[in-house]
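Residue numbers (this note's numbering), protein chains in the order written: chain R, 25 to 331; chain G, 9 to 267; chain F, 9 to 267; chain X, 10 to 270; chain B, 10 to 270.
Incorrect hints may appear among the rest.
Using C-beta positions, here's what the derived DEER-type ranges look like [what the hints assert, rightly or not]:
{"#": "1", "chain 1": "F", "residue 1": "Gln-143", "chain 2": "G", "residue 2": "Ala-112", "range": "31 to 39 Å"}
{"#": "2", "chain 1": "F", "residue 1": "Gly-242", "chain 2": "B", "residue 2": "Pro-103", "range": "53 to 61 Å"}
{"#": "3", "chain 1": "X", "residue 1": "Asp-65", "chain 2": "R", "residue 2": "Thr-316", "range": "50 to 58 Å"}
{"#": "4", "chain 1": "R", "residue 1": "Pro-251", "chain 2": "X", "residue 2": "Leu-64", "range": "47 to 55 Å"}
{"#": "5", "chain 1": "X", "residue 1": "Trp-75", "chain 2": "R", "residue 2": "Gly-57", "range": "25 to 33 Å"}
{"#": "6", "chain 1": "R", "residue 1": "Gly-126", "chain 2": "B", "residue 2": "Ile-90", "range": "43 to 51 Å"}
{"#": "7", "chain 1": "R", "residue 1": "Glu-303", "chain 2": "B", "residue 2": "Trp-38", "range": "34 to 42 Å"}
{"#": "8", "chain 1": "B", "residue 1": "Gln-259", "chain 2": "X", "residue 2": "Arg-165", "range": "44 to 52 Å"}
Here are the simulated DSSO-like pairs of lysine-lysine, each with C-alpha atoms no more than 27 Å apart in a straight line [what the hints assert, rightly or not]:
{"#": "9", "chain 1": "X", "residue 1": "Lys-160", "chain 2": "B", "residue 2": "Lys-160"}
{"#": "10", "chain 1": "R", "residue 1": "Lys-151", "chain 2": "B", "residue 2": "Lys-218"}
{"#": "11", "chain 1": "F", "residue 1": "Lys-139", "chain 2": "F", "residue 2": "Lys-122"}
{"#": "12", "chain 1": "X", "residue 1": "Lys-265", "chain 2": "F", "residue 2": "Lys-139"}
{"#": "13", "chain 1": "B", "residue 1": "Lys-265", "chain 2": "G", "residue 2": "Lys-139"}
{"#": "14", "chain 1": "B", "residue 1": "Lys-218", "chain 2": "R", "residue 2": "Lys-101"}
{"#": "15", "chain 1": "R", "residue 1": "Lys-34", "chain 2": "X", "residue 2": "Lys-265"}
{"#": "16", "chain 1": "B", "residue 1": "Lys-160", "chain 2": "F", "residue 2": "Lys-139"}
{"#": "17", "chain 1": "B", "residue 1": "Lys-218", "chain 2": "R", "residue 2": "Lys-136"}
{"#": "18", "chain 1": "X", "residue 1": "Lys-160", "chain 2": "B", "residue 2": "Lys-218"}
Derived, one-sided and incomplete: chain B residues facing chain G with beta-carbon distance under 7 Å [to be verified]:
{"#": "19", "residue": "Glu-161"}
{"#": "20", "residue": "Gly-174"}
{"#": "21", "residue": "Arg-177"}
FYI, nobody ran anything at the bench for these hints, they're computed from the structure.
For glycine and all other residues, C-beta sits at the position ideal for the given N, C-alpha and C.
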Amino acid sequence: NPFRSQQPEKITIGMTYIPNVQFAPWYVALEKGFFKEEGLDVVFDYRMDIDALQLVAAGQMDFAIAGGDQVITARDKNIPVTYLMSLFAKFPPSVIALSESGIRKPADLKGKRIGLPLYGTNLLAIKAILNRAGIPESDVELIDIGYTQIPSLTEKKVDAVVGFANNEPVKLRASGYDVTQINAWDSFSLVGHGLITGEKQLRTSRDTIAKMVRATIKGMQYTLDHPEESLAICFNNLKELGPEQQALEKQVFMESLKLWESDYTKAHGLGTSDPKAWEDSQQLMLDMGLITHRTPIEKLVNFDFLK
Amino acid sequence: MTAPAIEVHHVSLAYTSIDTPELLDIHLSVEDGELVSIVGPSGCGKSSLLRMIAGVLEPTSGHIVISGNERKRGWAELSFVPQDSLLLPWRTVLDNVCLPLELARDTDQQTIRKKAQEALALVNLSGVESKYPRQLSGGMRQRAALARALVGNARILLLDEPFAALDALTRNQLNLELLRIQAQTGITIVLVTHNIFEAVFLSDRVIVMGENPGRILGEIKIPLPKPRTLKMIGTPEFSHWVGTIQDLLETGWGDQDEH
Amino acid sequence: MTAPAIEVHHVSLAYTSIDTPELLDIHLSVEDGELVSIVGPSGCGKSSLLRMIAGVLEPTSGHIVISGNERKRGWAELSFVPQDSLLLPWRTVLDNVCLPLELARDTDQQTIRKKAQEALALVNLSGVESKYPRQLSGGMRQRAALARALVGNARILLLDEPFAALDALTRNQLNLELLRIQAQTGITIVLVTHNIFEAVFLSDRVIVMGENPGRILGEIKIPLPKPRTLKMIGTPEFSHWVGTIQDLLETGWGDQDEH
Amino acid sequence: MNTKRNSSYPHLHKVIPVMAGLAGFVAIWHLLSNLYEPFILPSPAEVAERYRVLLDNHQPLARHFWITCFEALAGFTLAVITALPLSYYMYRHPFLDQLLTPFVVGIQAVPIVALAPLLVIWFGFGITSKILIAALVAFFPIVTNGLVGLKETDPRLRELLQIMGASRRDIFFKLEVPSSLPVLFGGLKVGMTLSVIGAVVGEFSGAGKGLGYLVNLARGNFDTPLIFIGLIALAGLGLGFYLILSLLEQIFMPWKKKSML
Amino acid sequence: MNTKRNSSYPHLHKVIPVMAGLAGFVAIWHLLSNLYEPFILPSPAEVAERYRVLLDNHQPLARHFWITCFEALAGFTLAVITALPLSYYMYRHPFLDQLLTPFVVGIQAVPIVALAPLLVIWFGFGITSKILIAALVAFFPIVTNGLVGLKETDPRLRELLQIMGASRRDIFFKLEVPSSLPVLFGGLKVGMTLSVIGAVVGEFSGAGKGLGYLVNLARGNFDTPLIFIGLIALAGLGLGFYLILSLLEQIFMPWKKKSML
Ligand SMILES: Nc1ncnc2c1ncn2[C@@H]1O[C@H](COP(=O)(O)OP(=O)(O)OP(=O)(O)O)[C@@H](O)[C@H]1O
Ligand SMILES: Nc1ncnc2c1ncn2[C@@H]1O[C@H](COP(=O)(O)OP(=O)(O)OP(=O)(O)O)[C@@H](O)[C@H]1O
Ligand SMILES: [Mg+2]
Ligand SMILES: [Mg+2]
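Working from the sequences, and respecting the hints, build out all of it.
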């Protein structure tokens with residue numbers, strides 16, 4: 025084939041979760057040939073977020089999906105990773121409670137037992153919500169329930185849980201529970217998960233990064249434009265889903281799409297994020313003692329490839 | 009009249025196949041207070057017979073009665089010295105000898121140790137109380153096993169070649185000891201031995217066994233007067249009984265060649 | 009002239025403390041082709057002496073020379089029958105007897121089995137080849153251990169009470185067998201036994217040991233003509249030598265009471 | 010003593026309790042499942058139905074099964090071929106024992122997955138790291154039981170073989186191995202089932218295939234019946250391995266009468 | 010044979026290899042750490058520095074340590090008091106053995122944390138579920154080695170004790186226990202270190218305290234030196250338990266000469 029003058033470039037992207045409809049842009053980019061157009065041969069690697077993030081920082085992995093808060097935390101520990109573009113334009117965690125509990129707003133959380141994995145993004149979310157609402161942490165009881173949010177809530181082991189706006193509420197409602205949610209994005213303006221890479225890669229493979237960002241944006245746009253088809257593409261990558269799960273995942277998918285865009289991205293384009301939100305969030309994390317020093321914003325996030 | 013101490017009723021035993029029984033139609037009875045020896049070629053089933061009497065091996069047919077009762081395992085009045093001593097390796101010699109008294113549970117710890125020490129003295133083993141079995145010589149292990157059997161208040165003593173690993177002098181000494189104990193307490197003793205002199209010297213009756221299959225060739229009453237003394241061993245009468253047993257054994261042995 | 013088969017040079021042994029040695033200043037030498045018996049009270053250290061000659065127990069002082077060389081463990085020309093038979097429980101009788109030949113590695117599997125079967129026939133154990141040791145009687149185990157020692161091409165045979173668990177007739181038969189083998193092959197044999205008759209009947213020389221500490225009381229040459237026959241056992245000359253040994257043993261035994 | 014069974018189905022008396030146990034288990038499970046939401050504890054019927062759906066859609070349960078099977082087996086094999094020599098040398102040289110035991114024990118008490126990035130750097134993204142984790146968890150029981158088994162060797166038999174001129178090699182193969190086999194097999198059984206867990210844990214922390222991945226996926230997808238299918242498959246895998254080892258045990262130790270399954 | 014050591018520090022020859030091993034380990038670690046970014050593999054010095062900071066800030070490492078220690082110990086104890094009777098009854102009744110072995114093995118091969126929702130509902134978020142998981146993973150090696158040890162009991166000694174009129178109880182305490190102790194202790198050692206892992210895995214899936222939580226927290230904060238502190242504490246915990254068991258072994262088996270640490 026005379027047109028294949030060069031081998032496609034093999035790159036690995038750390039998905040930091042199990043295969044999921046939320047990764048639709050990349051599945052679509054693969055299926056629709058957006059990666060191929062860019063000359064990329066992409067391998068999806070599914071592993072835990074911290075591991076993927078460290079591997080990206082060490083240059084062992086090309087890209088990963090991570091949250092804006094994780095990038096700030098990592099930089100605080102001198103782990104050189106940089107945010108490239110957002111998938112979730114809104115910070116997705118939220119506090120979820122059964123409607124019958126009467127929890128509607130942060131103030132209602134006083135004196136309640138809140139279950140969450142007591143570390144990482146979920147912990148940040150609840151701290152931010154409480155902080156912004158002026159509720160001292162000692163007024164609530166935070167309980168480490170790992171990732172058992174749904175049974176913990178339905179079995180009333182806790183009054184509220186911290187989960188992801190596009191996940192637990194959807195599943196709870198599908199199981200017939202009436203739930204309310206307090207979204208973290210109202211308190212914490214930072215972006216959620218997006219594409220990250222390492223400082224090393226930024227120095228040496230800017231070309232590849234540009235290709236990757238382009239393909240991802242195309243995938244995102246295509247997904248937004250053709251949700252049904254994109255969902256079908258996702259299901260092709262998720263052979264183990266049963267019909268019930270497919271129905272559920274469809275709702276998760278639809279909820280997720282809503283979080284891909286914010287007022288800011290509508291104004292500045294898909295994948296962008298507000299530098300001011302990064303500053304504010306970093307300040308908030310400093311105030312709460314979650315990080316110890318401030319990282320220059322240009323190290324946290326690189327907008328070059330979105331232009 | 010009391011019931012015989014041991015009655016073995018037409019007992020047969022087959023370890024593997026009923027067609028090749030190890031023991032065939034063994035029938036014998038041991039009176040209360042009697043000392044009976046069993047002699048016979050190696051592998052004819054003497055140990056197996058003792059184990060059946062002791063209640064740990066089921067006869068394939070026939071049955072065994074002890075002191076008028078159906079036999080069972082764990083008869084307080086029955087003591088056993090196995091052919092290969094079998095001391096518990098994790099217990100010192102003294103603790104090994106204490107074992108039957110511990111199991112009987114009717115004496116305090118101090119009395120138990122005193123009795124055990126006495127029994128060890130009886131078999132010439134004073135001084136090695138705190139050694140472990142692996143630190144003993146073969147003969148010392150055998151004597152420890154004998155002490156263990158003598159320490160309780162058994163009414164029936166089953167001894168499977170208890171003196172095989174002992175030198176002649178120690179053997180003689182223990183032979184006399186055994187006779188003294190029996191005279192004193194009137195216990196019943198069944199002794200397996202390969203030493204025909206010993207059998208004649210100790211026994212009221214000698215049971216001669218043959219092999220292929222294991223069976224009783226004959227019983228010989230030893231009418232030597234009691235108490236027995238070492239001097240008797242030289243006498244013509246003694247030699248006569250030794251000869252009788254030897255002849256009987258050889259008959260059985262002759263058998264074998266025909267097979 | 010060839011070197012003596014075994015030279016034991018002023019060997020002492022103390023298992024626990026040098027102040028209470030188990031063996032004191034043992035000095036003896038066994039000529040090539042000689043049959044020497046060791047008799048002595050139980051626990052005097054006969055087995056320990058044999059283990060030292062076999063090279064698995066270090067003397068506390070003194071040294072031992074085998075066929076002119078410093079002794080070591082694993083001498084191809086040395087065979088050992090331990091006091092407690094010690095068959096490998098996971099091997100059948102036949103495989104147990106094959107073991108020394110397997111270790112020698114100079115014969116093919118088929119020859120090994122043939123030789124092992126012959127050795128088993130020699131000790132009257134044909135027919136139980138495929139049994140496991142736990143299925144054997146005490147005497148059968150002992151004979152299997154003997155067969156295992158005889159199967160190789162050892163030039164020196166160390167036998168620790170190899171006939172203790174055997175009936176008189178089997179014992180006699182194996183005694184004669186041993187003498188025949190020795191006459192045929194000229195091997196050197198050291199035999200520990202408690203049977204003084206056996207010692208006199210078999211030996212060129214009898215070493216009498218005493219105890220506390222274990223030591224040599226004396227050596228007695230047995231000048232009975234060879235080949236020996238069972239008939240000799242009755243003769244006055246035979247009785248004389250038995251008596252001599254008994255007297256010597258009793259001296260040593262008398263000692264004990266003084267302690 | 011052991012009378013032969015005359016039954017024409019000689020293994021029936023072994024199969025019956027197993028079947029009875031299984032039936033009892035399913036019954037209890039069914040009763041329990043009535044008490045909880047299906048997404049917490051699905052009933053056996055729901056799980057069976059989910060399995061049917063899985064099969065109908067030609068979904069790749071078998072592939073996941075065989076991948077985990079392979080990882081566990083490879084890890085176990087790796088553990089065996091490293092643990093056995095190690096336990097032997099630790100047995101021969103108490104110095105080595107003292108030197109290495111702290112590390113063997115220490116590694117054992119540490120959740121290896123917490124070092125996942127290092128494992129990836131050293132062993133790549135593929136199944137190598139899963140095999141390694143499986144090997145690591147299977148390692149300890151094998152070393153320990155190997156060592157205990159060797160230490161139980163009868164010193165009198167060793168002496169005897171030495172007298173017979175046995176080389177170290179002979180003593181190893183003809184004495185130490187057969188004498189420590191019963192204890193060693195205990196360690197192998199424990200190690201074998203642990204290697205399944207090890208493979209799964211490795212898959213949990215990053216994989217795109219295997220039963221651990223399937224379970225993780227099902228957890229993320231809120232697909233409790235599928236979790237149970239994964240767990241049942243894992244239990245089956247562990248049992249299969251156990252059965253194979255039990256058979257090997259009977260083959261390698263013909264001198265023992267076995268009563269167990 | 011065993012000449013007494015004249016040294017006035019009788020245990021020095023045991024401590025030296027341990028120290029040497031430790032020094033070698035730290036040296037290798039130090040060299041390795043030069044090859045990798047500190048957030049992948051921090052150097053010993055960096056970990057020590059992090060530890061100093063931890064202490065300076067009065068952060069609750071000790072609390073986490075003792076909580077995991079307690080969970081592991083409680084789980085281990087629970088495993089012992091259930092496993093020992095079980096192995097005994099399985100030994101006595103082969104029927105029970107056949108009935109229960111599939112479940113014991115099956116549970117072993119299943120990642121219990123996958124049942125976290127059930128565990129939460131049944132045992133809450135407290136330490137009960139961690140203790141239970143620790144007990145579950147410690148259970149199998151103890152049962153297995155208990156069973157193997159019991160099966161190795163010399164049948165001739167059993168016969169002898171039966172003749173002496175020993176009750177089942179006597180035979181158990183005076184024969185079966187001492188005779189199976191060496192093998193059982195192997196199982197206890199394996200079970201003990203596994204119980205640490207069990208507790209940690211339990212903490213991983215939701216605890217709020219304990220070393221497993223600490224490691225998880227450190228991972229959430231990308232605090233690699235703290236991860237290593239957690240892992241070292243866990244290794245130390247495992248080693249401590251192992252040491253205690255080794256001591257108990259020597260106390261309970263005075264008839265064995267021990268060479269090991
Ligand atoms: N491993 C050991 N540790 C300590 N002492 C031992 C050990 N083996 C043997 N002894 C002691 O050494 C002495 C001699 O034992 P040995 O077995 O050599 O005697 P023996 O002459 O063969 O006796 P027997 O005729 O009873 O077999 C005995 O007092 C015994 O207690
Ligand atoms: N557990 C067993 N399984 C099968 N066969 C056995 C078993 N125990 C003994 N035998 C066989 O039973 C026969 C008699 O054995 P037993 O031990 O009773 O003989 P014995 O008369 O005591 O011999 P010895 O004088 O040699 O001790 C032997 O042929 C032996 O092989
Ligand atoms: Mg016998
Ligand atoms: Mg001896």
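**Request:** For the pair we were handed, Lys-139/F and Lys-122/F, check the Cα-Cα distance against 27 Å.
**Result:** 17 Å, holds
**Message:** Taking the Cβ atom of Pro-251/R and the Cβ atom of Leu-64/X, is their distance within the range 47 to 55 Å?
**Reply:** 30 Å, violated
**Prompt:** Does the hinted range 50 to 58 Å hold for Asp-65/X and Thr-316/R at CB?
**Reply:** 55 Å, holds
**Request:** Would you check the hint for Lys-160/X and Lys-160/B, treating anything up to 27 Å between C-alpha atoms as holding?
**Result:** Given that 27 Å is the threshold and the Cα spacing comes to 17 Å, the pair holds.
**Restraint check for Lys-160/B with Lys-139/F, where alpha carbons must lie at most 27 Å apart** = 21 Å, holds
**Message:** For the restraint on Gly-174/B, tell me whether the closest CB of chain G is nearer than 7 Å.
**Reply:** 4 Å, holds
**Item:** Hint check: 7 Å Cβ-Cβ cutoff, Arg-177/B to chain G
**Value:** 10 Å, violated
**Asked** Taken at face value, is the distance from the CA of Lys-218/B to the CA of Lys-160/X at most 27 Å?
**Response** 40 Å, violated
**Item:** Residue hint Glu-161/B, partner chain G, criterion CB-CB below 7 Å
**Value:** Violated, because the Cβ-Cβ distance from Glu-161/B to chain G comes to roughly 13 Å (cut-off 7 Å).
**Message:** I want to verify a distance hint. Is the separation of the beta carbons of Gln-143/F and Ala-112/G within 31 to 39 Å?
**Reply:** 33 Å, holds
**Asked** Do the alpha carbons of Lys-151/R and Lys-218/B lie within 27 Å of each other, as the hint requires?
**Response** Distance of about 18 Å is within 27 Å: holds.
**Item:** 25 to 33 Å as the expected CB spacing between Gly-57/R and Trp-75/X, which holds or is violated
**Value:** With a Cβ separation near 32 Å, Trp-75/X and Gly-57/R satisfy 25 to 33 Å, so the hint holds.
Figure legend: structure checked against the earlier numbered hints; hints not met, in rising order: 4, 8, 15, 18, 19, 21.
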